[in-house]
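> Listed below, chain by chain, are the residues.
Protein chains: 2
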Amino acid sequence: MTQPFRVVIVGAGFGGLEAARALARAGPPRGTVEVTLVDRQNHHLFQPLLYQVATAALSPGDIAWPARSIFRRQRNLAVIMAEVAGVDTEARLVHTREGLALPYDALMLATGTTHSYFGRDEWAAVAPGLKTIADATEIRGRLLLAFERAEIAADADEQRRLLTFAVVGGGPTGVEMAGAMVELARHTLRGEFRRIDPAAMTRVVLIEAGPRLLPSFPEDLSRYAHRSLERMGVQVLTETLVTGCDGEGVQCGDGRRIPASTIVWAAGVTATPAGTWIEAPRDRAGRITVMPDLSVPGHPEIFAIGDLAAATDAEGRPVPGIAPAAKQMGRYVGRLLAARAAGGQRSPAPPFVYRHYGDLATIGRRSAVVALGRIRLTGLIGWWFWGIAHIWFLIGFRSRVVVSFEWLWSYLTFQRGARLITWRRPRGGGDAPGRG
Amino acid sequence: MTQPFRVVIVGAGFGGLEAARALARAGPPRGTVEVTLVDRQNHHLFQPLLYQVATAALSPGDIAWPARSIFRRQRNLAVIMAEVAGVDTEARLVHTREGLALPYDALMLATGTTHSYFGRDEWAAVAPGLKTIADATEIRGRLLLAFERAEIAADADEQRRLLTFAVVGGGPTGVEMAGAMVELARHTLRGEFRRIDPAAMTRVVLIEAGPRLLPSFPEDLSRYAHRSLERMGVQVLTETLVTGCDGEGVQCGDGRRIPASTIVWAAGVTATPAGTWIEAPRDRAGRITVMPDLSVPGHPEIFAIGDLAAATDAEGRPVPGIAPAAKQMGRYVGRLLAARAAGGQRSPAPPFVYRHYGDLATIGRRSAVVALGRIRLTGLIGWWFWGIAHIWFLIGFRSRVVVSFEWLWSYLTFQRGARLITWRRPRGGGDAPGRG
Chain A
136 MTQPFRVVIV GAGFGGLEAA RALARAGPPR GTVEVTLVDR QNHHLFQPLL
186 YQVATAALSP GDIAWPARSI FRRQRNLAVI MAEVAGVDTE ARLVHTREGL
236 ALPYDALMLA TGTTHSYFGR DEWAAVAPGL KTIADATEIR GRLLLAFERA
286 EIAADADEQR RLLTFAVVGG GPTGVEMAGA MVELARHTLR GEFRRIDPAA
336 MTRVVLIEAG PRLLPSFPED LSRYAHRSLE RMGVQVLTET LVTGCDGEGV
386 QCGDGRRIPA STIVWAAGVT ATPAGTWIEA PRDRAGRITV MPDLSVPGHP
436 EIFAIGDLAA ATDAEGRPVP GIAPAAKQMG RYVGRLLAAR AAGGQRSPAP
486 PFVYRHYGDL ATIGRRSAVV ALGRIRLTGL IGWWFWGIAH IWFLIGFRSR
536 VVVSFEWLWS YLTFQRGARL ITWRRPRGGG DAPGRG
Chain B
136 MTQPFRVVIV GAGFGGLEAA RALARAGPPR GTVEVTLVDR QNHHLFQPLL
186 YQVATAALSP GDIAWPARSI FRRQRNLAVI MAEVAGVDTE ARLVHTREGL
236 ALPYDALMLA TGTTHSYFGR DEWAAVAPGL KTIADATEIR GRLLLAFERA
286 EIAADADEQR RLLTFAVVGG GPTGVEMAGA MVELARHTLR GEFRRIDPAA
336 MTRVVLIEAG PRLLPSFPED LSRYAHRSLE RMGVQVLTET LVTGCDGEGV
386 QCGDGRRIPA STIVWAAGVT ATPAGTWIEA PRDRAGRITV MPDLSVPGHP
436 EIFAIGDLAA ATDAEGRPVP GIAPAAKQMG RYVGRLLAAR AAGGQRSPAP
486 PFVYRHYGDL ATIGRRSAVV ALGRIRLTGL IGWWFWGIAH IWFLIGFRSR
536 VVVSFEWLWS YLTFQRGARL ITWRRPRGGG DAPGRG
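Protein chains in written order, with the working numbering: chain A, 136 to 571; chain B, 136 to 571.
Since the hints were made in silico from the structure, they are not lab data. Careful, some of the hints might be misleading.
To be verified - Label pairs and their calculated CB-CB ranges:
#1 B:L507 x A:A220: 54 to 62 angstroms
#2 B:G433 x A:D292: 41 to 49 angstroms
#3 A:S539 x B:W527: 22 to 30 angstroms
Claimed, not checked - Stretch by stretch, here's where chain A covers chain B in the computed footprint (C-beta under 8 angstroms, at least three residues):
#4 268-274
#5 322-328
Being a predicted model, the structure only gives us computed values, none of them experimental. In this text, a Cβ means the ideal position worked out from N, Cα and C, and glycines have one as well.
Next comes chain A alone, as it looks inside the complex (with noise of 0.2 angstroms):
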């Protein structure tokens, strides 16, 4: 038979399974296309619920799936799990530090974003952020240890700190940090310890530095979350820069000082070093500049897609880093791969044109923004559009009927499935003893 056409793609995430997904009926017997999916971790992770994970309502499982389970049946892809070391744009060979070296006839690169601390690498030790599953049960960890150590702490002052939370970043992911952060304090906590009330002392802090919350928002909307979150008890600072991080707090621009135990960075994100692999031109935040069918300038055959590719859409409006934008792109460049392997390609290719569906996010409990075009929906119809929309979205039978219950049940019990502390304590290894 013909030579296959070899498709390398680099990231599990949306982008990279939709662009797989794309390709499989492009392998034999019908076609000669064969993909290589490449990812560092050896699962796809459904990063819009992680901030569940983060504050103890679902488990990694629920949310993470392994890439090869999900390809079985794809057999004109292999999954393999190593770490890209760097690209040979010549020789058209990704090298992995496992020593790989994967030929390619195209090559997808689907890396994503990673916490951006604007140069202050050293934040990141005290200001975790929410990319990972290792990410979000640190997380989980800092908030649940904060609690104990508040309930055994000697003097108010360091009660008071322990118990404040600090959230740097007024998108999605800190506006649903926030909310999540201050119900666990205010129901599941409550009544549980004996020297410290948390629903009365815990303190939870948004910081974002804009004038709004939500800025990719309808303004409308962002005042909604604004409020609803300070009616939960949530103190909003917008317009408020953060100048330090530190052990014992944040340090804002104003002079104001904020000592917090536990800070959550979900502020700045910035491209993954793909880019570098193959020098391609990048904008400020690191992403890949593509061309109008998302190939790299100088490289028709390499592509960039999702939260990687600065790509705009027909109004020349920066298309934006979310799971939706990312699995258009992926698609688009799966099917454009599948003609030109075909050898079916109307040249030029018809360019990338992004649909924007929306924007949505979860307050709190029965509390959600949903923008659909013209159509808002908050309080408790956004909430169920939001929880609907997820269900939908998470991958096979298991997870929606875990996670539907889990949410089910944490709704009506107003407890949380996975309050765990579970890394090994610095002190005594992992064998703990004081177990019995």
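Use these hints to put chain B onto chain A, whose structure you have.
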């Protein structure tokens, strides 16, 4: 009111939990007992199912519950997450590393056991044991990573080594781990790899120093387990001493060398150092030798229960280190102290009498061994009994529903719900370049 009678319980395992429950009715307004439950973890762990977390079948949150939410309604009890540093038996104070000094009128030590490498602690790094959630997710990650590495391994020898898994110790944990590991390879991973065939290439070796598996079980059940495991594809080595563990594999006393990438330690346990806190007489396994009322010789106010106590039954046989025994001891001491606090204790206290209900261990899909007095259950019936018994002993409605569903789903699909490698990888940190 009268001075409260202060009971400190160290360890929130089966023994500590049961003791705390037994003291519920002895609190105000009925009695004066005030209980402090201390554990270095924030959760009670259902250890009998921990091997299912280690083999990706269950999530940690399914079998662990925050100690303080278990006791939220027991108003005479306070939970403290702290690590005990020592006990001042003169001043009757429990000192913690966090700087607490907890006064007690009665002290219950229920800190259980930890892995014992027979003095070869350097083996711990290459042959982790299974006691905590951190242990389980560590082993889970090593198992799954071995298959990922084998998929990209260059030569066949390295593949063979990567796909060889050694379990040291033929007790219930070793048997259950070996069975679950071989089923993971034979069923769950079937068809998910492109370069290796896990079903055909995986080798699980179960190594037991003694003459038979499950030494605490009736001999016919040991034989049954042995045959069943071999039929499933496990290589069982009895009367084989392990004389060395390293990154390359296992060295056996008979000179045999087993190249293995992954080693699970299910052999020896030793008591946690609680005995040294109070300089109590201990047996060779470090367990505290106790009086008939489970008190520590010379300290009628200090009790050792569960795996930490070297107790004997009516016939002078040692009480086994299993959950039901720990629960019985906890209940006994709890009631004894409730009576003592109420001033209504007959002296001397009636001795603790252990009642052995039976032994059970699962081997794999539709196969378990159960010994209840003279009754023997094996195969499917034993498996059903084992499953129902474990669901029954889980805490709370949520866990029973979730675990039942996970088991049903796994049974029907051969899939597992938590196949995640979640640790932060040494290189690159947790913020995951390579994720879309």
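> Now tell me if each hint is right for this structure.
Do the hints match the structure? See the list:
1. Here the CB-CB span from B:L507 to A:A220 is close to 58 angstroms, well matched to the stated 54 to 62 angstroms.
2. For the pair B:G433 and A:D292, the beta carbons lie near 43 angstroms from each other, so the given range of 41 to 49 angstroms is met.
3. Remark: the range hint 22 to 30 angstroms for A:S539 to B:W527 is upheld by a beta-carbon distance near 25 angstroms.
4. For the segment 268-274 of chain B, the proposed coverage by chain A is satisfied: 5 residues have a C-beta within less than 8 angstroms of a C-beta in that chain, meeting the threshold of three.
5. Note: the segment 322-328 of chain B has 3 residues with beta-carbon separation from chain A under 8 angstroms; the three-residue rule is met and the coverage holds.
Taken one by one, the earlier hints all hold for this structure without exception.
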